[in-house]
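Asks: Take these sequences, add in the hints, and give me the full structure.
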Amino acid sequence: MQHDADQTSPSRRRPRLPSSSSSPFTAKRPKFADEPSMVSPKAKGKLPAVADADGAGRPSAFQPHTGAKKLVIKNLRKPANREAQVEEYYQKTAAELDAALAAILSGTRPNAPLERLYRGVEDTCRRGRADAVYKLLNDHIIGHLQATVLKRIRQRGDTSNVKVLANVLDEWKIWNKQTVLIRSTFSFLDRTYLLRESLPSINDMAITQFRRMLFPSSSSTNQRPFEGDVVKGICDLIEADRRGNDARDPELLRDSIMMLYVLGVYTKHFEPVFLATSKGYFQECGTTWNMSNLRDHIDSCETLLQREDHRCMAFNIDSTTEKLLMQTAHTVLIEEYADKLLHKESLSQLLEDKDIRSMKGLYELLKLSNLQLRMKQPWGEYVRVTGASIIGDKEKGEEMVIRLLDLRRSLDLFIRDSFVKDDAFLYEMREAFAKFMNDRQIASCWNSGTSKIGEMTAKHVDMLLRGGLKALPKQLLSDVQDRATAEKEGLSSTGDEDAELDRQLDQALELFRFIEGKDAFEAFYKKDLARRLLMGRSASKDAERNMLTKLRGECGANFTHNLEQMFKDQDIAKDEMDSFREYNESLGEDKPSIDLQVMVLSAAAWPTYPDVPITVPAAVAKQMERFDGHYKSTHTGRALKWKHSLAHCSVKGVFPKGSKELLVSAFQAIVLLMFNRVGNDDALSYDEISEGTGLKDGDLERTLQSLACGKVRVLTKHPKGRDVKTTDTFTFNKTFSDPKYRVKINQIQLKETKEENKATHERIEQDRRFETQAAIVRVMKSRKTMGHSELVAEVINLTKKRGSVEPAAIKKEIESLIDKDYLEREGNTYTYQA
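For the working numbering, add 5 to where a residue sits in the sequence shown, where the first one is 1.
For the record, the hints were derived by calculation from the structure and aren't laboratory data.
Glycine included, every Cβ here is placed at the ideal spot set by N, Cα and C.
Incorrect hints may appear among the rest.
[Claimed, not checked] So the derived label-pair ranges between C-beta atoms look like this:
no. : residue 1 : residue 2 : range
1   : 537       : 502       : 13 to 21 Å
2   : 315       : 561       : 26 to 34 Å
3   : 792       : 751       : 57 to 65 Å
4   : 501       : 626       : 41 to 49 Å
5   : 394       : 792       : 24 to 32 Å
6   : 482       : 626       : 32 to 40 Å
7   : 482       : 734       : 44 to 52 Å
8   : 584       : 745       : 29 to 37 Å
Replies: Written as structure tokens, this is what we have:
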């Protein structure tokens with residue numbers, strides 16, 4: 006190497022290197038595994054870099070502290086036999102790849118390093134020989150599968166389908182592991198040649214060839230195919246899982262189905278066979294269950310469908326197959342057995358037993374096949390038959406409304422919990438109630454001529470407003486879900502007693518809405534309301550007002566006019582008593598010993614009550630005369646009739662064991678006052694008490710029985726017994742005691758007799774006749790002339806809110822009005838006579 010021209014300092018001289026005619030820089034070329042190293046091992050150390058004049062760094066052998074190192078320079082000239090060496094390299098690579106494939110497929114490790122195999126594939130592909138590598142790989146795969154794998158499967162002999170399936174799955178797992186190693190070794194081929202030529206990837210090729218081996222498109226006569234055994238083996242495993250026998254193998258079943266997915270034969274080979282065998286299983290189950298009752302059939306069907314759904318998820322069965330499977334199950338188990346599932350008597354038994362769970366299962370089963378609405382007909386028929394039997398049961402007439410409400414409650418629970426609040430069943434139930442509650446043929450057994458259900462509904466409301474919730478059976482009360490719903494809707498919690506009472510009144514009104522003969526309800530409700538108001542027996546004043554508001558909203562102000570007048574009379578009575586007290590004070594007399602409270606009733610608004618003559622004590626009679634005079638002086642043209650049977654009193658009783666305040670009726674009070682005239686040991690006979698009080702027969706007997714034979718006995722009857730006779734005598738009970746100071750002695754109520762009940766219905770019938778005649782006159786007065794059919798239709802429309810009237814009854818009233826000269830008939834036409 007020559008010195009630089011501008012070099013002047015010896016210290017800047019570069020070390021002299023041996024001269025060489027060849028350049029130390031050569032072009033890069035591929036280095037093959039069998040070529041000798043181009044660099045001596047002695048020269049592999051990194052040389053320090055020195056700077057050229059142009060600033061570029063290059064290695065330097067100069068190390069000032071250690072001295073010069075020995076450099077070995079190789080001859081880089083191209084060898085004369087290089088092409089032969091390259092060809093030898095590729096032949097050697099091909100041999101190594103062939104041996105490596107044979108080793109991998111035989112389950113052993115290749116002798117050549119995997120990295121060298123990978124490089125050999127890459128070098129061969131870059132050399133343009135990728136097709137040869139692909140052919141080598143494909144031939145090995147096909148040969149191994151046909152000659153080795155298939156042979157191993159056949160050599161295991163003819164065993165059960167499940168055993169064949171297990172053998173195939175074992176070979177599949179081994180094949181997957183071998184494929185992973187082959188893919189990694191031949192990945193360069195996979196990423197270049199196969200991708201460029203649009204050939205299947207190595208993974209797809211391996212799967213395809215395994216599939217062709219296991220599921221050949223055509224089978225030779227001397228070789229038995231295994232695709233049927235594999236599919237049948239999977240079906241046998243599913244069958245074993247269904248029946249729960251010892252042949253169950255969940256892991257084998259799951260892996261086998263996954264193998265079918267990967268091989269791409271699931272839909273073509275497995276799905277049809279699986280659905281066919283499943284259909285046979287379902288048919289077998291249906292035949293077996295057909296001998297059982299409906300409840301067991303529903304339970305078994307529900308359980309089977311749930312297990313099938315769980316099995317599909319557990320073993321990764323395709324969603325499309327699952328849908329087809331469920332459709333098959335619905336067709337076989339539900340649609341083909343729809344007549345049994347919808348059998349009227351079997352359904353009625355479930356409803357009678359209040360089996361909400363089974364009915365819910367049946368509804369959901371039928372809904373799967375869109376058959377749930379076919380339940381409406383037997384559902385409605387059950388409601389009509391059951392309701393008609395309740396109304397027509399004369400032996401349990403007193404329990405009629407309770408039983409109807411119990412029926413309605415159970416039906417509501419079915420709709421809520423079994424039918425998922427399906428409105429179709431709610432409407433069907435309401436139509437059924439409206440039909441049987443107004444069926445004249447059913448109601449005719451009562452011989453009342455008017456609505457018996459209207460009467461009993463009014464009495465049920467009376468029971469609620471008198472006794473609250475105590476008289477109701479527990480099954481009619483709200484449950485937890487009702488209370489949660491009420492709170493969610495912003496209503497008062499039904500756990501509150503007042504709110505629960507309001508809900509029970511609403512339930513009674515639900516029955517009232519179906520009644521066409523509302524006039525019967527009005528008459529009995531008016532009668533019971535009067536008794537509650539006069540006797541102070543209402544459990545809640547707010548409940549009374551609330552019920553009146555409900556009736557007004559349901560039927561209008563005309564329906565509740567007289568009922569509202571009763572409440573007004575109570576308010577007016579308070580003002581009357583305030584005026585009477587002021588009148589007594591203005592007389593300047595001493596305060597009377599009797600605190601008289603009087604309620605004046607409007608005769609038109611209140612029921613009629615019998616006049617019972619009694620001997621009123623002098624002090625009471627004096628106050629009554631004074632009130633009568635005061636009232637007539639302030640209200641001209643009015644007359645008062647005293648109804649002693651409705652009066653009640655507060656009497657102080659002095660007993661040896663302590664004084665008590667007795668709350669009694671007017672009849673009980675005048676009987677007790679009789680004993681003030683005799684000594685404590687003296688007795689009064691039945692006749693003496695009757696003569697002194699003016700009470701006769703039943704009134705006196707019930708009064709004495711309540712005082713001497715009831716729970717609170719302030720009198721003693723001689724001889725002892727529960728019934729009062731005319732020969733009995735009575736004495737003051739000196740041993741009477743009670744922990745309470747204020748003691749209420751209930752008057753024994755006379756139950757409504759058949760004659761009284763009949764008289765009430767006759768009054769209802771008479772009022773209905775008058776209303777019908779009034780409706781005819783109103784219509785004819787506005788129309789002047791009408792045909793018979795048009796007039797009857799108009800009258801029915803006007804009177805339907807009060808109660809349905811038969812056309813024959815309307816015709817009878819028309820005849821009556823013709824006789825009274827209100828109407829004139831010309832042929833089939835009526836003319837109004839002013």
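Asks: Does each hint hold? Answer for all of them.
Replies: Status of the hints after comparison with the structure:
Taking the beta carbon of each, residue 537 and residue 502 are about 18 Å apart, inside 13 to 21 Å as hinted. Range check, residue 315 to residue 561: about 59 Å between beta-carbon atoms, so the 26 to 34 Å window is missed. Look at residue 792 against residue 751: about 59 Å separates their beta carbons, and that is inside 57 to 65 Å. For residue 501 and residue 626, the hinted distance range of 41 to 49 Å is satisfied, since their beta carbons lie about 47 Å from each other.
A beta carbon spacing of about 41 Å between residue 394 and residue 792 contradicts the range 24 to 32 Å that was offered as a hint. Taking the beta carbon of each, residue 482 and residue 626 are about 49 Å apart, not inside 32 to 40 Å as hinted. Against the hinted window of 44 to 52 Å, the Cβ-Cβ separation of residue 482 and residue 734 comes to about 49 Å, which satisfies the hint. Between residue 584 and residue 745 the C-beta distance comes to about 35 Å, which sits within the given range of 29 to 37 Å.
Of the numbered hints stated above, those contradicted by the structure are hints 2, 5, 6, listed in ascending order.
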